[in-house]
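J.: Listed below are the residues making up each chain.
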Amino acid sequence: MNGLFEYIKTVFKGVGTLLTGMKITGSYFFRPWKHVTQQYPENRETLKMFDRFRGEVIMPHNENNEHLCTGCGICELNCPNGSIEIISMSVLTEDGKKKRAIDKHIYHLGMCTFCNLCVKACPTGAIIMGQEFEHAVWDRTKLTKVLNLPGSKIAQGVKE
Amino acid sequence: MGFNIYDFTGMTHNMHVSFMEHMSPLMTTIVEWTIIGVCYLLFIALFGLFLVYAERKVCAMFQQRMGPMRVGYWGLLQTIADFIKLLMKELITPKGVDKFLYNLAPFIIMIATFMAMAVLPFAKGLQTLDFDIGVFYVTAVSSIGVIGILIAGWSSNNKYSLIGAMRSGAQILSYELSVSLSLVTMIILAGSMQLSVIVEGQRDAWFIFKGHVPALIAFVIFLIAGTAETNRGPFDLAEAESELTAGFHTEYSGIKFAFFFLAEYINMFIVAAMAVTVFLGGWMPLHFGSLESFNHVMDFIPPLVWFFLKVGGVIFLIMWFKWTFPRLRVDQILTLEWKYLLPINLVNILLMSLVVLTKFHL
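So the protein lines, in turn, are chains E and G.
Residue numbers for the first sequence follow my numbering, so the first one is 1 and each next one is one higher.
Residue numbers for the second sequence follow my numbering, so the first one is 1001 and each next one is one higher.
It cannot be assumed that every hint is accurate.
Stated by the list, open to error - Computed cross-link-like contacts, DSS-like style, restricted to lysine-lysine with a CA-CA straight-line distance of at most 27 Å: (1) G:1057 <-> E:34; (2) G:1095 <-> G:1057; (3) G:1085 <-> G:1095; (4) G:1057 <-> G:1322; (5) G:1322 <-> E:13; (6) G:1322 <-> E:9; (7) E:48 <-> G:1057.
In short, the hints are calculated from the structure, not lab data.
None of the values given here were measured: they were computed from a predicted structure.
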């Protein structure tokens, strides 16, 4: 008798778990506005990528054409496949001392695997991941970019 | 030739009479067979294509995707494009296949599908054959399909095809029992195996309401076993993409593959149509005992619309199963059938007999 009771319990439990699954998929089915698919070329104007999306490495500049990069080269060391080359130079500060500064932050987009290690390693937060993803070009030399804008310099108060 | 969307009996009778006036009886028979054949062919091709489209859309919706969107408005022409592609593909015959059986298998499956379609009552008077053993005929004929599957797997000279076919054979043979027994439960209530009589008997209340608890259990069992009969997920281990590439139709290409594909979807339609005919009142409108005005409003909707609405609902339910539940293992499938469905079914038949004997139904 106990066995029969167990048997009936198994049947009801089984049906219950199946209904739980159907409830979840059903909730997806009947809420079509929650779909994740993007109709890409059509919604190109309004498409907003997600915050954590890794499109490319960029170096933000403020309105005075200043960035946060000290030219320390940690990002270059951290890059697993050599996508980043740092060319630094020395500049004279106001009190006559020599100081290292960034000359060219070269970024090879064609080699980048978007692993995010350079962004994590950067001590001053000078480079971040941008949201641009339409990277197709006719000439692959265009994939080598210099991230710091011409004539830019380091912002005041950035500690080494 | 009067056309009445509520009753097709007069229309078909008038057609028959006017054919008989102009032609010999032999010619009449040939012409009528041709017309019916063309209708079924068109219906199977178009409805099969629509079902493939519906399946892709429903599956996408369950997975928070959108499905085909590019070919035609909301991807409506997608399956037609796919079908044209399949028609243009080369028919490859692999080395070492049993040529005769290999070419025969798709036709056996298609023939089984066609034969099962023949007795389905679409509306009043829209039924090609009205056997007095209609239900028995459907279960008998639909199990011919498994021979086609076994032949396809055997003749393909491919171990995966053979494994798939054998799994399918074991599964269909087991679940055939549940399908038949759940139908037997309803035959006890209906008192007839003739499909037109079964539908007629549901004028006041559909059998699922009339037979209440045992009918509901039989309906659930029929749905489960019917899903297994058609080799659809979660019972699709006969094709098990991840293990057997595509099971018994791995080696088929082009239109032969399309035959298997169409037959699978039309079999789903047949299972849904049988469920609708036996449990959900066929083409009968929804009636509640004493609500006269409600019943009149329901009568206003043509039977064909009722039939396809209900079939659509059941097909949606079957798709819901497929895209929710993970695939069962072979031993789990057989356990489900022999340890759960079959005993429950037998007890259910007893219960239904008691209900009918004591007239404890609506």
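J.: Against this structure, judge whether each hint is valid.
T.: Taking the hints in turn, this is what the structure says about them:
no.: 1; hint: G:1057 <-> E:34; result: holds (15 Å)
no.: 2; hint: G:1095 <-> G:1057; result: violated (37 Å)
no.: 3; hint: G:1085 <-> G:1095; result: holds (24 Å)
no.: 4; hint: G:1057 <-> G:1322; result: holds (13 Å)
no.: 5; hint: G:1322 <-> E:13; result: holds (20 Å)
no.: 6; hint: G:1322 <-> E:9; result: holds (25 Å)
no.: 7; hint: E:48 <-> G:1057; result: holds (25 Å)
In this structure, the one hint that does not hold is number 2.
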